[in-house]
Each structure stands twice: as C-alpha cells, then as structure tokens.
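2 protein chains.
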Amino acid sequence: MTYFLAAANEGGTRVLLALFLMLAAAKIMAELFERMRQPAVVGEILAGILIGPSLFRLVSPSEITNTLAEIGVIFLLFTVGLETKPASIFGVGKRALVVAILGVVTPFLAGWLLMKAYGGTGIEAMFIGTAMVATSVGITARVLSPMGVLNSLTSRIILGAAVIDDILGLMILAFVSSLASGPVNYLSLITTAVLAVVFTAFVVLIGAPVVKRVAPRIENLRGSQVLFISAITLCLGISVTAAYIGVAAIVGAFLAGMAFAEVAEERPTMHKQMSGVTEFLVPFFLVNIGMQLNLETFRDISVIVFAGWVTLIAVLTKLVGCGLGAWGLGWRRVGQVGMGMVPRGEVGIVVAQIGLGMAVINDSLYGAVLVMAVATTLIAPPFLRVLFTSEKGNKATA
Amino acid sequence: MTYFLAAANEGGTRVLLALFLMLAAAKIMAELFERMRQPAVVGEILAGILIGPSLFRLVSPSEITNTLAEIGVIFLLFTVGLETKPASIFGVGKRALVVAILGVVTPFLAGWLLMKAYGGTGIEAMFIGTAMVATSVGITARVLSPMGVLNSLTSRIILGAAVIDDILGLMILAFVSSLASGPVNYLSLITTAVLAVVFTAFVVLIGAPVVKRVAPRIENLRGSQVLFISAITLCLGISVTAAYIGVAAIVGAFLAGMAFAEVAEERPTMHKQMSGVTEFLVPFFLVNIGMQLNLETFRDISVIVFAGWVTLIAVLTKLVGCGLGAWGLGWRRVGQVGMGMVPRGEVGIVVAQIGLGMAVINDSLYGAVLVMAVATTLIAPPFLRVLFTSEKGNKATA
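So the protein sequences, as listed, match chains A and B. Each residue of the first sequence is one higher than the last, beginning at 77 in the working numbering. Each residue of the second sequence is one higher than the last, beginning at 77 in the working numbering.
Hints were generated in silico from the structure; no laboratory data involved. One or more of the hints may lead you astray.
Which copy? The list can't say, so a pair holds if one copy fits it or any two copies do.
[Stated by the list, open to error] Heads up, simulated SDA-like pairs for lysine to any residue below, C-alpha to C-alpha not over 25 Å straight-line:
{"hint": "1", "residue 1": "Lys192", "residue 2": "Gln114"}
{"hint": "2", "residue 1": "Lys161", "residue 2": "Phe251"}
{"hint": "3", "residue 1": "Lys288", "residue 2": "Asn227"}
{"hint": "4", "residue 1": "Lys288", "residue 2": "Ala100"}
{"hint": "5", "residue 1": "Lys192", "residue 2": "Ile389"}
{"hint": "6", "residue 1": "Lys288", "residue 2": "Val273"}
{"hint": "7", "residue 1": "Lys288", "residue 2": "Leu371"}
{"hint": "8", "residue 1": "Lys170", "residue 2": "Thr373"}
Small disclaimer: the values here were computed from a predicted structure and weren't measured.
Can you build the whole structure from these sequences, using the hints too?
Take a look at the structure:
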C-alpha cells in the first residue's frame with residue numbers, strides 16, 4: 077500500500093491536509109450558521125476567509141483548490157440543471173431576457189460612472205463596469221436548492237436570465253479586453269455571440285430528446301453504474317466545449333443537466349450518486365471564494381471606502397435592474413429576482429484578475445472588486461432565504 | 077456566470093479538458109474490456125497508457141491528476157472499508173500476518189539477489205528489493221468489489237495482510253532510505269513502527285464503537301446529508317493523520333471505512349452517495365497509473381530484458397511468498413491470496429521515484445521498476461477474476 081506517501085510524498089500529504097481542513101472548516105461553519113438560521117453558504121465562504129491567507133493562514137488558494145472549486149461549481153450547476161426541465165425555462169424566456177439585459181446594462185453603466193467620478197481612466201471605468209455585470213448563479217442555486225424552490229417561477233427566471241447574462245457578459249468582457257489591448261475585432265465578437273447562442277439552443281433542443289432516447293441503451297452496457305458515469309463525463313465534455321466556444325463552463329454544465337433532467341427524474345439512484353459528488357465538491361467552491369479575500373487590502377482606509385461604494389452600487393444595480401425586469405409579478409417576486417442576481421462570487425474575482433493581469437487596473441482597484449465580489453455573495457443568501465420562505469404557493473406556477 | 081473561464085482562465089479549461097479525456101478514455105476502455113470479458117481496471121490503466129505521454133500525448137501526469145488519483149484511491153479504500161467489519165479481519169489476523177511477512181521477505185530477497193546478479197551495488201539492490209515489496213491493494217479491491225466477494229475468506233486475508241504489509245514496507249523503505257543518506261536512526265524507526273501499530277489498533281478498536289454511538293447525534297444536526305459529509309471529512313482526516321504518523325493515507329482510509337462499516341450498513345443512501353464519489357474519482361487513479369509509463373524506456377533492449385526479469389520475479393515471489401502464507405486452505409485459495417498481493421501499482425512507482433530522487437538508482441533502473449509496477453498491475457486482475465469466479469461458496473465462511 078502507499079506508505080510512501082508518508083515518507084516521500086510530503087507534498088501530497090500536505091494537499092490532503094489542505095482538503096481536509098477546507099472540508100472540516102466549511103462543515104463546522106455551515107452547522108453554526110444553520111443554527112443561527114443563516115444560510116450555510118455564508119458560513120462556508122466565511123470558513124474560507126478564516127482558514128485562508130487573511131486570518132489563520134492554514135490553507136491558501138492553489139491550482140488544486142481552484143480546480144476542485146471549478147469541478148464543484150460545475151457539478152453544482154449540473155445538479156441544478158437535472159432539476160430543471162427545458163420547457164420550464166422556455167416558458168419564462170422573454171421575461172428572463174429582459175431581466176438579463178437590464179441586469180447587465182444597469183450595473184455596467186453605474187460602475188462606469190462611479191469609476192469616472194473617482195477620476196478613473198476610460199478603460200479602468202469599463203473594467204469596473206464589467207466586473208459589476210457578472211452573476212454567480214451557483215451561490216443562488218445553492219441557497220434555493222435545499223429550500224426546494226428551484227421550480228418556482230422566479231427561480232426559473234433567475235436561471236434563464238443567468239444563462240443569457242453569461243452570454244452578454246462574455247461579449248462585454250471580450251469587447252473591453254480587446255479595447256484595452258488594441259483595435260476591437262468585431263467580426264470575432266459577433267462570431268462568438270452567434271456560436272454561443274447556437275450552442276445553447278443545440279444542447280437544450282437536441283440534447284434532451286437524444287439523451288432520453290439513448291439512456292436505456294447506455295444502461296444496457298456492461299459497466300456498473302454506467303449511466304451515472306456517462307452523465308458525469310458528458311457534463312465535463314459539454315462544459316469544456318462551452319468554455320472553448322466562449323460560454324462559461326458552468327453554463328455548459330447547467331445545459332447538460334437540463335438535457336438529462338427527464339432521464340434523471342425516473343432514476344433516484346443516479347440522483348443520490350450525483351448528490352454525493354456535489355456535496356463533496358461544492359464546499360471547495362465556497363471555501364475557495366473566501367480564501368481569495370485578503371484582509372491586508374483593508375489597511376488603506378480609502379480602499380475600504382471605495383470598496384464600500386462598489387459593493388453598495390453592485391447590490392443596488394442588480395436589485396433595481398433585474399427587479400425592473402420582473403416588474404408586474406408582485407413585490408416579493410421582484411425582490412426575489414433582483415436579489416437572486418446579486419452574488420458576483422468567483423466571477424467578479426476572475427474579471428478583476430484579468431484586469432490586473434492586463435495591467436489595466438491596479439492593486440487597490442483589484443482589492444475593491446474582490447471585496448465587492450465576496451461581499452455581494454455574503455449579502456444575498458440571508459435575504460434570499462427570507463424572500464423565498466413560505467414560498468410554496470409560488471412553486472411550479474407559470 | 078463564469079464566462080471568464082473561456083476568455084481568461086485557459087489553464088482552467090485545459091485542466092477540465094484533461095479530466096474529461098481521462099474519464100472518457102477510461103470508461104470507453106472499461107466497456108471494451110468488459111465486452112472481452114476482461115477486468116475493467118486493465119482497460120482503464122491501458123487508457124492511461126494510450127492518452128498519456130507514451131502514445132497520443134493528450135494528457136500528462138500533473139500535480140492535479142496526481143491529487144485526484146490520490147483522492148480516488150483513498151475513497152476506494154474507504155468504500156472497501158465500509159464493506160469490511162473489523163471482526164471479520166480480526167478473525168483472519170494471524171493468517172494475514174504470516175501472508176504479509178512472507179510476502180514482504182520473499183520479494184525483497186529475490187529483488188536484492190537479482191540486482192546483485194546484475195552487478196548492482198548494495199544500495200541499488202536494496203532499493204530494487206524495496207520496490208518489489210509494496211502491494212497496491214486498491215487494484216485488487218477494485219477487481220473483487222464488483223464481483224461481490226469482498227467478504228470471502230481470502231479477500232479478508234488479503235485486506236488484513238495489505239495493512240500489515242504496509243507497516244512492514246514502510247519500515248523497510250525508511251531503513252533503506254536512511255541507509256542511503258547516512259547512519260540509520262533505529263530509535264526513530266522503532267518509534268514509527270510502534271506509532272503505526274497503536275494508530276491502527278486505535279482506529280479499529282475505538283473507532284467503530286464511537287462512530288456507532290455518535291452517528292445518530294450527527295444525523296440530528298441541521299445540515300443536509302451531514303452524516304455522509306462527516307464520514308468523508310473524517311476519512312480525509314484519518315488518512316492525513318495516518319500519513320503523518322507513517323502509515324499510508326489509504327490504510328488510514330481503509331481503517332476509517334471499517335469504523336463506519338456498521339453504521340453504513342443500515343443507511344443505503346450513504347452507500348449510494350459514497351459510490352457516486354468513488355465511481356467518479358477512481359478512474360483518475362487507474363488512468364494516472366497508466367500515464368506514468370513512458371514507452372520511450374523500451375528503446376534500449378537491455379532495459380526491456382531487465383524489466384522482464386524484474387516483473388517475472390515480482391509476480392512469482394508474491395505468488396509463492398503470500399501463497400505459502402495461505403498454505404492449507406486449498407490450491408484455489410492459495411492462488412487467490414498470492415495473486416491478490418501481486419499488483420504493485422502506484423506504490424512501486426513511488427518507491428522508484430524516491431530512489432531516483434535520492435540518485436540511488438539511475439534512469440534505466442527507474443524505467444524497469446515502472447514497467448514492473450504497471451505490468452504486475454495489469455497481469456493480476458484477469459487471473460483474480462478467474463480465480464474468484466463461482467466463488468459463492470467461499471463467501472463469509474471463516
């Protein structure tokens with residue numbers, strides 16, 4: 077057996093230790109937060125801040141924690157897709173489109189204005205605007221799924237809007253990045269947009285019937301649990317394809333999940349196996365978000381003030397922009413949709429990293445965006461929980 | 077959503093692609109091998125050789141694939157432990173001890189003699205001997221588990237012997253490594269041995285009753301699926317502790333599994349969730365073994381011949397040594413025990429890496445050990461399958 081790991085492969089043991097600490101911290105904090113009637117996600121992200129470079133310095137983000145986090149959020153969205161039938165999203169398609177567009181335009185303009193008011197350059201202002209656009213639907217899904225309200229009208233609007241939001245956000249990021257590095261290639265931008273739309277339509281429209289027809293044949297193969305493994309493999313394959321085409325990997329995972337939704341409904345074992353994988357991996361996604369935050373940034377009071385403004389505007393613009401899109405559905409639903417699109421999570425962080433990498437934004441701006449990304453992710457879940465509580469009447473009504 | 081992965085995080089997308097290729101290749105090869113009535117493990121290891129640096133060069137081993145492989149084999153052994161009640165191993169304790177000792181001494185001496193016959197130095201001979209000692213019980217477990225014979229007399233002897241084999245192997249590796257780098261610290265060797273034995277006894281004897289008493293309380297906690305997550309977390313924690321103490325991480329995982337065996341028996345959902353995680357991760361363990369092999373080594377004919385000798389002796393010495401330990405149980409069982417201890421897998425590879433790292437063995441010796449490690453892992457499963465087929469009468473008889 078591998079006793080050598082002890083003597084030799086100390087790096088390997090240290091990685092195992094890091095994973096153990098992340099999982100243990102996440103679950104202890106989740107339990108504490110559940111007891112305080114707060115969402116577990118918030119506890120798990122705070123666990124990341126606690127054990128991360130900011131405070132106890134037990135674990136720091138690495139390629140491995142990032143990879144596990146990414147697989148975690150991919151399977152999370154796949155699981156959410158499994159509970160979402162394509163028809164239920166089509167039913168709210170127009171509404172989701174309006175929510176997405178308003179939820180992209182409003183924060184972008186507000187972020188741009190804020191940065192301009194702070195005396196930023198045009199390109200800085202555009203990057204801050206772009207970082208405000210992204211929605212991290214994984215966080216919202218993680219709050220709504222255990223509440224059993226994923227099939228409510230507003231959940232479906234949020235999920236649909238998140239897919240469109242992604243395609244729009246991608247266009248803006250591509251536009252702003254190319255603006256920062258030279259002349260914009262409009263042809264390539266349009267090609268990507270068309271590809272993204274075609275890919276999404278293809279997976280949803282063709283995927284579901286094909287999976288339904290092929291699933292019984294896959295089950296007849298020799299291997300054990302072959303349908304479950306095929307689903308996971310296909311999920312990874314579609315996620316990778318999505319990423320190469322220019323859609324997010326997690327959008328691919330969500331679409332793949334939708335394609336398997338009908339098949340999975342009749343197979344409880346597959347659901348349980350999938351939940352095993354998801355429950356194991358999602359904590360890495362949440363803890364990793366917390367670990368990104370370095371409280372060192374807060375040494376400079378002006379950064380805190382600026383971060384506060386960015387966060388405030390980030391919350392308000394999604395709330396108002398997306399809420400406007402949900403106009404006419406009643407106040408509670410307007411609030412649900414608006415708040416559901418607030419978390420920026422890992423997405424805002426990645427935009428900030430790109431800006432930093434291109435030397436378009438400096439360390440303080442980067443720090444402020446990071447705070448905004450983590451803060452919006454921490455703020456939304458408690459409100460979501462309140463807004464969706466005793467929401468049974470809303471379930472499955474179109 | 078994370079559209080940025082596409083534009084920015086190309087490294088992340090490449091990692092996802094690698095994982096997709098590993099999983100897809102493993103499962104296609106597994107299906108082909110099942111159809112040829114060969115063990116799926118062999119197909120999955122060959123998938124690693126196919127997509128690895130030797131042939132198609134689609135994926136090469138990295139820290140990430142190594143980590144996933146390690147988590148995979150840890151959860152594999154944890155799952156095997158879940159199906160193994162402590163009492164069933166104690167019942168075969170003495171027999172397992174004899175099998176382990178003979179199975180360690182025989183290959184070590186034979187490897188040492190072979191290297192000496194080839195004109196090697198004393199330390200080279202000792203390293204080759206040590207590399208022949210290690211058993212990769214994960215491979216055997218992966219063959220036996222789907223056949224439903226994990227509770228047979230011989231399976232229990234193999235599992236018990238593998239734990240003891242590990243502790244003995246660790247001592248030898250520690251001894252040989254310190255011999256190669258200076259005077260041997262006997263005190264530290266003895267301390268490690270005592271710690272290893274105490275740790276093993278503690279987890280098995282104290283762990284099971286404690287888990288049984290605490291499990292209902294854990295289930296009363298707020299979080300969802302909290303017993304499953306606690307089990308996984310504890311598995312990682314005990315594995316890490318084992319590695320730090322000087323026992324293999326996977327031995328820790330196996331012991332942790334045994335501690336949960338009774339609790340898991342009454343909870344089918346936990347079993348299914350665990351199987352989801354294991355089925356997803358084990359292919360990375362198997363494919364990663366195949367990816368370690370670089371067929372470039374075979375350019376030199378003398379390396380092939382030497383590798384052939386090492387492999388032959390590696391197979392024969394475990395077969396004879398461990399088989400002798402099972403003397404008196406009938407020919408079939410002697411063969412089962414002997415063959416069950418043959419695979420060297422990732423363990424032989426790690427020993428070779430240590431030797432190479434200490435500059436105690438050269439590239440050709442390293443290559444030969446690598447071939448031996450992969451070849452023994454490929455040879456054993458088909459024989460195991462034949463030896464254990466129609467083995468129902470052997471099940472659960474002490």
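* To do: Could you figure out if lysine 161 and phenylalanine 251 sit no more than 25 Å apart (CA to CA) within one copy, between two copies, both or neither?
  => Cα proximity of lysine 161 and phenylalanine 251: none, with 33 Å in one copy and 61 Å across.
* Asked: Between copies, within a copy, both or neither: which fits lysine 192 and glutamine 114 at Cα up to 25 Å?
  -> neither (37 Å within a copy, 67 Å between copies)
* State whether the alpha carbon distance between lysine 192 and isoleucine 389 is at most 25 Å within one copy, between copies, both, or neither. => within (14 Å within a copy, 75 Å between copies)
* **Intra- versus inter-copy proximity for asparagine 227 and lysine 288 (alpha-carbon distance at most 25 Å)** => This pair counts as within: shortest intra-copy Cα distance 21 Å, inter-copy 38 Å.
* How would you classify lysine 288 and leucine 371 at a CA-CA limit of 25 Å: within, between, both, or neither? -> neither (49 Å within a copy, 42 Å between copies)
* Is it within, between, both or neither when you check lysine 288 against alanine 100 at 25 Å Cα-Cα? -> Answer is between: at 20 Å across copies they meet the 25 Å cutoff, but 39 Å inside does not.
* To do: Using 25 Å as the alpha carbon limit, work out where lysine 288 and valine 273 are close: within a copy, between copies, both or neither.
  => So lysine 288 and valine 273 pass the 25 Å test inside one copy only (23 Å; across, 53 Å).
* **Identical-chain pair category, lysine 170 with threonine 373, by Cα at 25 Å** => neither (41 Å within a copy, 61 Å between copies)
The structure shown violates the earlier hints numbered 1, 2, 7 and 8.
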